[in-house]
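Residue numbers (our numbering), protein chains in the order written: chain A, 2 to 460; chain B, 2 to 460.
Please keep in mind that the hints were generated in silico from the structure rather than gathered at the bench.
Worth double-checking, as some hints may not be accurate.
Since copy identity is lost for identical chains, a pair holds within one copy or between any two.
[Said to hold, decoys possible] Below, in silico cross-link-like pairs of lysine to aspartate or glutamate (EDC-like), each with a Cα-Cα straight-line distance of 16 Å or less:
1. 18 / 184
2. 172 / 306
3. 435 / 249
4. 336 / 79
5. 18 / 178
6. 377 / 235
7. 219 / 184
8. 218 / 276
9. 219 / 412
10. 392 / 275
11. 218 / 184
12. 218 / 395
13. 337 / 323
14. 435 / 276
Quick caveat: nothing in here was measured; it's all calculated off a predicted structure.
Protein chains: 2
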Amino acid sequence: MNPATPQTFRAIDVIRKKRDGGELSHDEIEYLVNAYTRGDIPDYQVSAWLMAVVLRGMTRAETAALTDTMLHSGEALDLSSLSAKKVDKHSTGGVGDKTSLVLAPLAAAAGVAVPMISGRGLGHTGGTLDKLEAIPGFNVNLSVSRFRRVLEACGCAMIGQTAEIAPADRKLYALRDVTGTVESPYLICASIMSKKLAEGIDALVLDVKTGSGAFMKKEEDAVFLAELMVETGERMGKQVVALITDMDQPLGCMIGNALEVVEVVEILRGEGPEDLRQLCLELAGWMLHLGGVCDTVAEGKRRSEKLIASGEALDKFRKMVELQEGDPRTIDDPKKLPQARNTMMVSSARQGYVASVQCEQVGTACVILGGGRERKEDSVDPAVGIVLHKKVGDAVSIGEPLATIYYNAEERALRAKQLLEESYEITGAQAGEKRPLIHRVIGQRVIDQRVIEKSGERN
Amino acid sequence: MNPATPQTFRAIDVIRKKRDGGELSHDEIEYLVNAYTRGDIPDYQVSAWLMAVVLRGMTRAETAALTDTMLHSGEALDLSSLSAKKVDKHSTGGVGDKTSLVLAPLAAAAGVAVPMISGRGLGHTGGTLDKLEAIPGFNVNLSVSRFRRVLEACGCAMIGQTAEIAPADRKLYALRDVTGTVESPYLICASIMSKKLAEGIDALVLDVKTGSGAFMKKEEDAVFLAELMVETGERMGKQVVALITDMDQPLGCMIGNALEVVEVVEILRGEGPEDLRQLCLELAGWMLHLGGVCDTVAEGKRRSEKLIASGEALDKFRKMVELQEGDPRTIDDPKKLPQARNTMMVSSARQGYVASVQCEQVGTACVILGGGRERKEDSVDPAVGIVLHKKVGDAVSIGEPLATIYYNAEERALRAKQLLEESYEITGAQAGEKRPLIHRVIGQRVIDQRVIEKSGERN
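If we strip away everything but chain A, and leave its shape as in the complex, we get (with noise of 0.2 Å):
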């Protein structure tokens, strides 16, 4: 709000409106944050408002205005001295979800700028800035001037949420935290996409998981703040998709943070587990098309490959590693990481097929180890975590290895051991389909592409 602005509006009128169904416009959302950050309103009149936003929802136009005043209550960054598209991706978080530490060297490896922020995990799912400092040094608290040097220096940068970027959505989700107002779509969207749009970005690609893993634990839920997303960054002049993706079991075969930095080394040398690569593909695919370098999504999963298997996205990420001070060895040798002390078998008590795996408890079985946060002062164990043997659909004989528990405290791995038990389904007949891993795509540019694709098929 321009400071010359005399104040028309009341907090208490704000929250009526809203709390009686009534659509809030751009001015009056934009006086309720920004007095809100600057403290001239008290935490309890916000907290009665974001309830009855919760309640009540948003429309687009609200939602957009709350992400435009959220993203200029800090600082922008201006990222336009650089020449190639800023392409940033974010997941909605999941279980073994180490996608982004594979797709930011992979598509900085293609020419595509990649100025990554992102979030600690809390609860069962992990966090991006959890796994990057499990090697040795590496610094996820750069200062903005030297994550452009770095992002200059090799294409992509990692760091974590920094005092200038989005401070009203600090300050808001520290609030929403302690009031039961976290789960909204319009706050979440807001709070997601005021933080990325302020990276400077020119194209976003969102991954919004589903299942017993995901927040959304139904697709509809998933699918209604993916349209919310890629609606709300249109609307701000970017380009938006987002990937319905499954997170009904655990992505890949390791969780726990050092063990997922060996499983993203595994990936971008061509090896590793299937689903985690089908899906590092797809979303490479679509940022290298959205970066404009490549024409269509199949051609940017295809390029994509071809740096993998020359060895330059590995190049890319042992290079952004020594940047931001880690150490480069681990990812030539793993051993060089943080190891637990133990480990532990999970075996299993009958012969059959693997029916299902509770995703949310596997995630929590690492939460016990130590390996994430139940309270977002709790510190985190890099070492400890759980390589699973066995995923949906496999087979297993009575007394077959179904995970591996890597632990530091044996009272911890024995809780995490029966979570573990608990979480695998195995049943006499094998299951029909499996779950697709991409459930849909959503975005106005879905659309383009698929023009472009079928053109390309017919010539």
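Given chain A, work out where chain B should sit, using these hints.
Frame of chain A; chain B shown alone:
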């Protein structure tokens, strides 16, 4: 909550449960309200919970639990030493509603004890305490022991809220006031009933107003609140009846604190406007019936008329005024009440019939004169006010007085005059049926009463 009970609840869980439409247990409500009253839960969590209650509602059991918790957050009066039944009346507030000042001495004259704890006016509605304080010297701030002595001496006593009664309500109401969470029938019910039940009464007559001057403009909302309060009172073992009464035009002819005392004395003399007289008799009939001194409401009304005709009701009022340090000479000589310095006439600009009087506007006109409060901290001028000469259905010729304004500041009088002119709707033809004064009666007792009256008719 028993202080020895280990704390097994978390505010965030109670908030989430209500947000998601769940029913809270008595223990959960008790935990939240008591911990908030003690200062162990911050405002911002409770305001989020309050907004969830406004938008999700409460079951009858939750409403009763909230009422019970608020009632027991402070001291409840023990009036069991008084042999008479204790009966109070509560009105949801209106314009010109001075029935409390008539009813307390009238019911007391019939042998019912009336321990009345009232509030001040806010917004367009007046308040009983402000009216009483228009009587020079009248003290509404008696200690609980003096309140009891006045009650024992004359059968009625009228004071303001004390610090001991329902402190949880006081703290919650202050928060509701600034967070847009006043307008919930469940919260209104718990606030009213907790304070009334803390008076140590046996029975309660509720006067729930509906129409343009009421908080509940729509009759269905008034009925909903009335049913909620009746059921809540009955769950707590009290006899409660609610009359839905008309507030589509001011009650009686006088609005303003000293003026309303004048009209109270008129009614107690057997004079005064018919609508006010009828409503007082109806409410008194119910108080006498529930107070056990009359077998039927009809008998209670007849008994009340006799107590007015004999002067006993007025004597009781004079005695209460004396016992509460007020100047009793004001009863017989209204000139001893505060007098406004000037009067201004509001005349009709056309000939016809009064089709409607916008009741909230008349109340607001009185606030503008200084006779009410826009904010709780405003002081009130007892002398100013409005006398209506024409009410709905009355014939009026051009230039004939509609109302007289009693004022101390001309600029305010001119604004009030304009509002009054706008509030009168004059039409050429006389309107059809008038709105009834009593719309309906709600409460289990009504059924018993009808049975009694019918069997009485048969005899």
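Legend entry - Intra- versus inter-copy proximity for residue 178 and residue 18 (alpha-carbon distance at most 16 Å): For residue 18 and residue 178, the Cα distance is within 16 Å only across copies (15 Å; inside one copy 23 Å).
Legend entry - 16 Å Cα threshold - placement of residue 323 relative to residue 337: Within one copy only: 15 Å inside a chain, 92 Å across chains, cut-off 16 Å.
Inset, instruction - Could you place residue 172 and residue 306 in one of the four classes (within, between, both, neither) given a Cα distance threshold of 16 Å? - result: neither (42 Å within a copy, 64 Å between copies)
Inset, instruction - If the cutoff is 16 Å on CA atoms, where do residue 218 and residue 276 land: within, between, both or neither? Let me know, please. - result: neither (19 Å within a copy, 61 Å between copies)
Legend entry - Intra- versus inter-subunit Cα pairing at 16 Å for residue 435 with residue 249: For residue 435 and residue 249, the Cα distance is within 16 Å only inside one copy (11 Å; across copies 66 Å).
Inset, instruction - First find the shortest C-alpha distance between residue 18 and residue 184 inside one copy, then the shortest across copies, and answer within, between, both or neither for a cut-off of 16 Å. - result: Cα proximity of residue 18 and residue 184: across copies only (13 Å, versus 21 Å in one copy).
Legend entry - Identical-chain pair category, residue 218 with residue 395, by Cα at 16 Å: For residue 218 and residue 395, neither the intra-copy (23 Å) nor the inter-copy (66 Å) Cα distance is at most 16 Å.
Inset, instruction - Tell me, please, which holds for residue 218 and residue 184 at an alpha-carbon limit of 16 Å: within, between, both or neither? - result: Result: close within a single copy only, 12 Å intra versus 34 Å inter.
Inset, instruction - Go through the copies and call it for residue 336 and residue 79: within, between, both or neither, with a Cα cutoff of 16 Å. - result: neither (39 Å within a copy, 77 Å between copies)
Legend entry - Alpha-carbon proximity context of residue 219 and residue 184, limit 16 Å: Classified as within: same-chain Cα gap 13 Å, cross-chain 34 Å, threshold 16 Å.
Legend entry - Same-copy or cross-copy closeness of residue 435 to residue 276 [CA-CA at most 16 Å]: Within one copy only: 12 Å inside a chain, 76 Å across chains, cut-off 16 Å.
Legend entry - Intra- versus inter-subunit Cα pairing at 16 Å for residue 377 with residue 235: neither (32 Å within a copy, 47 Å between copies)
In summary, the numbered hints that this structure violates are 2, 4, 6, 8, 9, 12.
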